[in-house]
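Can you make the complete structure from the sequences, with help from the hints?
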Amino acid sequence: MNECQATIERIYGSVLPVPITPWWSSLPPISRSFYDRAAKDNASLTPVERLYLLSRLDLPGKALARPDSITEEERDLLLGRPPPEILASNLRRFFPPMSSESEPVGGEDGEASGAQQQQAGKRYYATVAEVADAFQDPERLATLSFEALECVSLNWSTLTQENIPRPWTDWERQTDDASAVAAGVLLRSIRPGEKALEDAARKRLFGSEMTEKWAVVEREDDATEEAHLKVLEKMEQYAADAALLWGELRVEVARKLEELNGEDRTALEELRERMRIEVARDAEEDAPKVAEAEERKRKRKELEETRRKRYRETGYDGEDDSVDDSDEEGWALGAIF
Numbered sequence: 000m001n002e003c004q005a006t007i008e009r010i011y012g013s014v015l016p017v018p019i020t021p022w023w024s025s026l027p028p029i030s031r032s033f034y035d036r037a038a039k040d041n042a043s044l045t046p047v048e049r050l051y052l053l054s055r056l057d058l059p060g061k062a063l064a065r066p067d068s069i070t071e072e073e074r075d076l077l078l079g080r081p082p083p084e085i086l087a088s089n090l091r092r093f094f095p096p097m098s099s100e101s102e103p104v105g106g107e108d109g110e111a112s113g114a115q116q117q118q119a120g121k122r123y124y125a126t127v128a129e130v131a132d133a134f135q136d137p138e139r140l141a142t143l144s145f146e147a148l149e150c151v152s153l154n155w156s157t158l159t160q161e162n163i164p165r166p167w168t169d170w171e172r173q174t175d176d177a178s179a180v181a182a183g184v185l186l187r188s189i190r191p192g193e194k195a196l197e198d199a200a201r202k203r204l205f206g207s208e209m210t211e212k213w214a215v216v217e218r219e220d221d222a223t224e225e226a227h228l229k230v231l232e233k234m235e236q237y238a239a240d241a242a243l244l245w246g247e248l249r250v251e252v253a254r255k256l257e258e259l260n261g262e263d264r265t266a267l268e269e270l271r272e273r274m275r276i277e278v279a280r281d282a283e284e285d286a287p288k289v290a291e292a293e294e295r296k297r298k299r300k301e302l303e304e305t306r307r308k309r310y311r312e313t314g315y316d317g318e319d320d321s322v323d324d325s326d327e328e329g330w331a332l333g334a335i336f
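Under numbering that gives the first Met the number 0, the first residue of the sequence shown is numbered 0, with each subsequent residue one higher.
Wrong hints could be hidden among the right ones.
Here are the computed lysine to aspartate or glutamate pairs in the EDC-like style, where the Cα-Cα straight-line distance is at most 16 Å [said to hold, decoys possible]: (1) Lys202 / Asp136; (2) Lys233 / Glu129; (3) Lys233 / Glu73; (4) Lys233 / Asp35; (5) Lys194 / Glu48; (6) Lys194 / Asp132; (7) Lys202 / Glu138; (8) Lys255 / Glu48; (9) Lys229 / Glu84; (10) Lys194 / Glu129; (11) Lys233 / Asp136; (12) Lys194 / Asp136.
Hints listed in this document are in silico derivations from the structure and should not be mistaken for laboratory results.
Note that the structure is predicted; figures quoted are calculated from it, not measured.
Laid out in C-alpha cells, this is it:
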C-alpha cells in the first residue's frame, strides 16, 4: 500500500503552476464559492470563467469547464470509483447478465447446448449507467443480492477494496481534492439516475434485516497484493494520461489566451484577482480548523508512540480513548460540502 501511495503522490502530489503565456500560469486560485457555482450551476459559467477553469491543465478543471467532453473512464475516476478492471469485475460478479438480442442461439445444426441457452442473448453490464438504467424500478432493485446492494452503496466497490488507492485522495489528510469534489458533484447531477440508484440501494441495505445480514455475510477477499500491483500499473497509465492531457490543454489554453480581446483579458485578470481575495478569506476561515486538525494529529502521534513503548515493555497493546478523533474526516480544507 505504501508503494501505491508513493506512486499517487509522485503523480499528483507535486503539481506546481507552470507558465502558459508570459502573463498567465496554470493552477489559478479558485475559491470555495466558485467551485460551488461551477458544480451546482455550471450552465451559468461564462466562456472566460470556463477558460479560467481549463487553465488548471488537469482533469478536474477540464470536467468543470467542459463536462460534456469527459469520457466514461474519466467520469469513474473523478467519482472515486474503483479502477476500470476492478469496476468491470464488480459489475460481472454482483449483477446478473442483462438481456440482449444480439446473436441467435445454437450451432450450425440449430441446436443449443445448456450453457449456450443459459448465456443466449445476454451480456454483462459494461458501465454504471447501464446498471442504473436497468434497476431504477423498485421491483427490479428488490431482486438485487445483498452483495450487489453493498457494492452500489460503497461507490461500486467492496469492503475489502476500500483501501485501494484513488488518485484524487490526499493521503496526508485522507480527503479529496476540492477541484475533484466539485467535478464529482457536477458529474453526478448530469446523470441523476445513478445517484438515485445509489441512494435507493443504501436505503435498502441499511434496512433492519439487511443490517443484520451485513454482520454475518462471507466476503471474498479481493484486496490482494496482485490487485494492488494492478492498481499501481493503472496509476502509471493515469500518470501518462495526465501528462498527455496537460500538454494538450496547455497548447489549447495558450492559443485561447492569445486570442482574447482586450475586454475578455481584463475580465480574466479581474477574476483571478477576485479569486485571490476569496481564497485568502477561505484560508482565514479555515485556520482554526487547521489548528485543531494539527493538534489531533500531534496527540494521535504521541498516543501511537506511547502504545509502541508500552507494547515493547509489557507486550500489552490495549486501546486508549484519550484522543478524540471521531470527527477526523468531518471537514476537508478547501472542500465545498
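Handout entry: Holds or violated: Lys194 to Asp132, with C-alpha atoms at most 16 Å apart
Key = 11 Å, holds
Exercise for the section: Please work out if Lys202 and Asp136 have their alpha carbons no farther apart than 16 Å. Expected result: 14 Å, holds
Practice task
Mind checking the alpha carbons of Lys194 and Asp136 for me, to see if they're no more than 16 Å apart?
Solution key: Roughly 14 Å between the alpha carbons, so the hint for Lys194 and Asp136 holds.
Exercise for the section: For the pair supplied as a hint, Lys233 and Asp136, confirm whether the alpha-carbon distance does not exceed 16 Å. Expected result: Since the Cα atoms of Lys233 and Asp136 sit roughly 35 Å apart, the hinted pair is violated (cutoff 16 Å).
Practice task
Quickly compare the C-alpha distance for Lys233 and Glu73 to 16 Å and report which way the hint goes.
Solution key: Roughly 13 Å between the alpha carbons, so the hint for Lys233 and Glu73 holds.
Exercise for the section: Verify the proposed pairing of Lys194 with Glu129, using a straight-line Cα cut of 16 Å. Expected result: Answer holds: Lys194 to Glu129 is near 13 Å, not above 16 Å.
Practice task
Mind checking the alpha carbons of Lys233 and Asp35 for me, to see if they're no more than 16 Å apart?
Solution key: Answer violated: Lys233 to Asp35 is near 30 Å, above 16 Å.
Problem - Pairwise hint evaluation, Glu129 against Lys233, where the allowed Cα distance is 16 Å at most - result: The hint is violated at about 24 Å.
Handout entry: 16 Å limit on alpha-carbon distance, applied to hinted pair Lys194 and Glu48
Key = The given pair, whose Cα atoms are some 27 Å apart, is violated under the 16 Å limit.
Handout entry: Satisfaction of hint between Glu138 and Lys202, Cα-Cα up to 16 Å
Key = Holds. Lys202 to Glu138 sits at ~14 Å (cutoff 16 Å).
Handout entry: Satisfaction of hint between Glu84 and Lys229, Cα-Cα up to 16 Å
Key = Given that 16 Å is the threshold and the Cα spacing comes to 9 Å, the pair holds.
Problem - Restraint status (C-alpha distance of Lys255 to Glu48 at most 16 Å) - result: Holds. Lys255 to Glu48 sits at ~13 Å (cutoff 16 Å).
The structure fails hints 2, 4, 5 and 11 (numbered hints given earlier, in ascending order).
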